[in-house]
Amino acid sequence: MPATVELVEHAPARSVPLPDAVGRALAAARIVDAAPDPYAAGRWSLRAGSKVGAVAVAVPGGSRPFTVRVTPKVPIARLFFLIGYSLDPLDGWRDGEVEVANHHGLLPALAHAVERQVDRALRQGLLQGYLATEETTLVVRGRIRETEQIRRHFGATLPVEVAYDEFTTDIAENRILRTAVERLLRLPAVPRDVRRRLLHQRARLADVSPIVGGGPLPAWHPTRLNSRYHHALRLARVVLDGASAEHAPGGLRIDGFLFDMNKLFEDFVTVALREACRGSSRAARLQDPHHLDEASAIRMKPDFVLYGADDTPSAVVDAKYKAEKRDGYPDADLYQMLAYCTALGLREGHLVYAKGNAPHAAHRVRHAGIVIHQHAVDLDQEPAGLLADIAAVAQRMDTTLRV
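So the sequence shown is numbered by my numbering: it starts at 1297 and just counts up by one.
What the hints contain is simulated information worked out from the structure, not anything from laboratory work.
A portion of the hints provided could be inaccurate.
Below, in silico cross-link-like pairs of lysine-lysine (DSS-like), each with a Cα-Cα straight-line distance of 27 angstroms or less [unchecked claim]:
(1) LYS1618 / LYS1559
(2) LYS1651 / LYS1369
(3) LYS1347 / LYS1559
(4) LYS1369 / LYS1618
(5) LYS1347 / LYS1597
(6) LYS1616 / LYS1369
(7) LYS1369 / LYS1621
(8) LYS1597 / LYS1559
(9) LYS1651 / LYS1347
(10) LYS1651 / LYS1597
(11) LYS1616 / LYS1559
(12) LYS1597 / LYS1616
(13) LYS1347 / LYS1621
(14) LYS1347 / LYS1616
(15) LYS1618 / LYS1347
(16) LYS1651 / LYS1621
(17) LYS1559 / LYS1651
(18) LYS1621 / LYS1559
(19) LYS1651 / LYS1618
(20) LYS1616 / LYS1651
(21) LYS1618 / LYS1597
(22) LYS1369 / LYS1347
(23) LYS1369 / LYS1559
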């Protein structure tokens, strides 16, 4: 029975030998579409959806965990361009900086990219900052917290409740990097040489406390002082948002990293459109909530809404990580966009897909006076072509507004 199962995003299902406990755990966690093979005992039919990455399912008493790897259809270098641009369109890292194209899998490439960015961030030493600390001590330091002193030690001189700012390396920026490194070291499919370098980075961050699992990430704010950390911190956030660790029924443990291509495509399209519209008199808002009905009972959140100078909606866009099939795109997408246009009072709406048979199509809705545009963006092309396709969508939106 293989210890590793290789799948491809949105590829046909594969029948593989798996223990029933592992198959049920994969199905319950919705990592892949998993169901018992009706034609062969001890085998499961596995089909990957839009989640890519790798997970390991540890069986109690088992010799080694079962690993499921899902490879994206998009080339790794292109995938990292989408990630980098979505995180920081003005100053995002590129493939030339992290050399991810040398890795064939998402997780090995991600681990390599994080290690390289952490190394760049720490070359000048660990960033230090002031950390607000409150503690009970026998030595007066900083200021005395009078309210706490009276409440806890009324009438006593010692101990003392104090508050002070400590200059330390145990700050939010370093804690996020340390936690991301720790997560990667626990994930499957990280190459040996990358793991060795990650251990080196962990040693550099040894005096920094990692974030407790499941806890919220500490807040940090981009400044001139922490500018050398910016790329590493944004990439670390990708790791921490996509990392998963949970206990399944029967004592199984699922640990890994999964990246949702639906979310990535949506982020890229909306951020790129926002940048394309920058400098105009209109303001773009992403995932802006609205309601379909007058009673505000039916909530909807278009991916991208453009507002005019009077703060009224002037354009709406929804991104769909789908490729057009022979019979076209799903009709449900058109119905959804029709609802957006109706509720926002717009004459035209725009759907942006990952790939299509033609770059643009338009549908005029009967008796409504609404036109729904369908745009296709080919992710197989170079970054310049991708951004040109998004610019074409923005141009058509602008033409519509001027009509």
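Taking the hints in turn, this is what the structure says about them:
With a C-alpha separation of about 12 angstroms, the suggested pairing of LYS1618 with LYS1559 holds against the 27 angstroms cut-off. Using a Cα cut-off of 27 angstroms, the hinted pair LYS1651 and LYS1369 holds, with the two alpha carbons roughly 12 angstroms apart. Between LYS1347 and LYS1559 the CA atoms are separated by roughly 10 angstroms; this keeps the pair inside 27 angstroms, and the hint holds. Taken as a hint, the LYS1369 and LYS1618 pair is honoured in the structure, with Cα atoms around 12 angstroms apart against an allowance of 27 angstroms.
A hinted pair counts as satisfied when its Cα atoms are at most 27 angstroms apart, and LYS1347 with LYS1597 qualifies at roughly 22 angstroms. Between LYS1616 and LYS1369 the alpha-carbon distance is near 16 angstroms, which keeps this suggested pair within the 27 angstroms criterion. For the hint linking LYS1369 to LYS1621, the alpha-carbon distance of about 16 angstroms falls within 27 angstroms, and the restraint holds. For a cut-off of 27 angstroms, the pair hint linking LYS1597 to LYS1559 stands: about 14 angstroms separates their Cα positions.
For the given pair, LYS1651 sits about 18 angstroms from LYS1347 by alpha-carbon distance, which is consistent with the 27 angstroms threshold. Between LYS1651 and LYS1597 the alpha-carbon distance is near 23 angstroms, which keeps this suggested pair within the 27 angstroms criterion. The straight-line distance between the Cα atoms of LYS1616 and LYS1559 is roughly 9 angstroms, inside the 27 angstroms bound, and the hint therefore holds. A threshold of 27 angstroms between alpha carbons decides the hint, and for LYS1597 with LYS1616 the separation of about 14 angstroms falls inside it, so the pair holds.
Between LYS1347 and LYS1621, the direct Cα distance comes to roughly 20 angstroms. Compliance with the 27 angstroms bound is thereby established for this hinted pair. Between LYS1347 and LYS1616 the alpha-carbon distance is near 15 angstroms, which keeps this suggested pair within the 27 angstroms criterion. Proposed proximity of LYS1618 and LYS1347 is supported: the alpha carbons are some 13 angstroms apart, at most 27 angstroms. Among the hinted pairs, LYS1651 with LYS1621 is consistent with the structure: their alpha-carbon atoms are about 9 angstroms apart, no more than 27 angstroms.
Restraint check for LYS1559 and LYS1651: the C-alpha separation of about 16 angstroms stays at or below 27 angstroms, so the hint holds. This hinted pair checks out: LYS1621 and LYS1559 have alpha carbons roughly 21 angstroms apart, not beyond 27 angstroms. For the given pair, LYS1651 sits about 7 angstroms from LYS1618 by alpha-carbon distance, which is consistent with the 27 angstroms threshold. Among the hinted pairs, LYS1616 with LYS1651 is consistent with the structure: their alpha-carbon atoms are about 10 angstroms apart, no more than 27 angstroms.
Restraint check: the Cα-Cα separation between LYS1618 and LYS1597 comes to about 19 angstroms, which is no more than 27 angstroms; the hinted pair holds. Taking the CA atoms of LYS1369 and LYS1347, the gap is about 11 angstroms. The hint holds against a cut of 27 angstroms. About 15 angstroms separates the Cα atoms of LYS1369 and LYS1559, which keeps this hinted pair within 27 angstroms; it holds.
Every hint, counting from the list given before, is met by this structure.
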